[in-house]
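Student: Given chain A, work out where chain B should sit, using these hints.
Chains as they are written, first to last, in the working numbering: chain A, 1 to 274; chain B, 275 to 548.
Take these hints with a grain of salt, some might be off.
As the list claims (entries may be wrong) - Which chain B residues stay away from chain A? Per the calculated CB distances, all over 10 angstroms, these:
id : residue
1  : 310
2  : 312
3  : 313
4  : 328
5  : 330
6  : 354
7  : 356
8  : 370
9  : 381
10 : 416
11 : 419
12 : 420
13 : 425
14 : 437
15 : 443
To be verified - Derived coverage of chain B by chain A (criterion: at least 3 residues anywhere in the stretch with Cβ under 8 angstroms from a Cβ of chain A; other residues may be distant):
id : segment
16 : 387–393
17 : 444–451
18 : 481–493
19 : 510–523
20 : 530–538
To be verified - Here are a few chain B residues that face chain A, going by a calculated C-beta distance under 8 angstroms:
id : residue
21 : 409
22 : 461
23 : 470
24 : 474
25 : 475
26 : 504
27 : 505
28 : 527
29 : 543
By construction, these hints were calculated from the structure, which means they are not laboratory data.
Note that CB positions come from ideal geometry on N, CA and C, so glycine has one too.
2 protein chains.
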Amino acid sequence: MRLVVIGTGLIGGSFALAARSAGLFADVLGIEPDGERGRDAVRRGIVDGIVDDVPDDADAVLLASPSHTVAPWVVRLAGFGGIVFDTASVKHGVLMLVRAALGSLPPRFVPCHPLAGSERSGPEAAQPELFRDRRVVVTPDLETDAAAVAQVTGWWRAVGGRVSAMAPDRHDQVVAVTSHLPHLLAFSYLQQVNDEHLLHAAGGFRDFTRIGASAADMWLPIFRLNRPAVLAALDGFSADLHRARALLEQDDETGLRSFIDTASARRRELPDDD
Amino acid sequence: MRLVVIGTGLIGGSFALAARSAGLFADVLGIEPDGERGRDAVRRGIVDGIVDDVPDDADAVLLASPSHTVAPWVVRLAGFGGIVFDTASVKHGVLMLVRAALGSLPPRFVPCHPLAGSERSGPEAAQPELFRDRRVVVTPDLETDAAAVAQVTGWWRAVGGRVSAMAPDRHDQVVAVTSHLPHLLAFSYLQQVNDEHLLHAAGGFRDFTRIGASAADMWLPIFRLNRPAVLAALDGFSADLHRARALLEQDDETGLRSFIDTASARRRELPDDD
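Okay, chain A solo, but in the shape it has when bound:
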């Protein structure tokens, strides 16, 4: 079995390392527009070599490049005989672009999103345990080939993922709240942070802003592809923030306590925190 990984950074590199270690593929080739990153991926044993295009004898293609490149690659690979799967943080937005270009989804394209990001990127951040016990959402359509879905599901499980299925538009709404909005808030928060603030940053600041170090190359296309859901999540947040401001301004002790208690109880429901 031969895998081609498009994008040899954190996600693609980690899948390549994990898949190799699980014995899923005999060889792994990379497609990487960034020459230095490609050479680094080879040096680190993530891929056996870098190629310019998907060879005809490949069995599977993993699209792990930034979100806006996924639809163009799926369109370009429409005639490819193997399985194509991706890792983009936006699903409905990507599938709409593919449908607009092809009229329908290629049956052997399995849309996936492993919930295993990091503010780090590149081959140096790749590690074979990245997907261990992480949720992987697959969003197949009625057009999607069931055998391809089963195959890809098996691969994610083999690298440690917990696979579940979801409708693509629902997925995009959920991750708009759980992931895209927090990034937008962290980016916004950091605008007013100056040198004196950094000097007085403690652990809470570090944790809260960690995602704010993420790269624009990754996040700009995510925001743009999932714009309606991100704007809706943002407006929901703004309404709650407006409520918090009013409670504080009015010095409403009971209301503010209940507001904090709601948040705190909700966060404590999250199991297995480190």
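Tutor: Frame of chain A, contents of chain B only:
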């Protein structure tokens, strides 16, 4: 030397453990309104015993109870001969209340704020290394006794802290941005988080919301005591968030990229991240 710690939770308990281990005090007594917490602090060897009031032979009193209790304790201890120091996250707001009650600050009261919080609390969270390499801000006034400041500074250094001085109102403005605002944002963000969101929470969500698990007993008085600075920080944030929303709604690729780049570069300036 005898120390009395008022509030035997994370901060007070950690200082007691660290001070004992550094040999700063021969014995340490606790004042703790929560009976179970007090017994737990004794069981864990954090304090030698629980008392109802500060004994006359005590040399120092550490106020590590919630922020709104600090000013009343300082007022109550106005006639105490030893050193009094605190750990509240608000300084100017507390000093105003003390001045309102006493007309001036007791000279042997040294206002302190160790930047070493956690969403955890209680004696079970206390650990002697909590202040290692953490910044400790002291905000003495012209009325404050220089020898007392030097003594308290020495204690914080002995438990690993990096002490620096600051004007109390400036301190409150800085921590409003670095600490109080992020907590308010996390509490607000968590309002719209439901069970389905928690099921899809990844590492970014965990880090971003960790401070949102903090207790209302601690945060309600901080927000109220530092209300003007928190509202100002909040309004600064809201303006930036409004800008982000407009950039996204207008699909302004260049503007949004620059916005993310600014945030990301700022966060990456923070050294020694884990």
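Student: Provide an ascending list of the numbers of those earlier hints which the structure does not satisfy.
Tutor: Failing hints: none at all.
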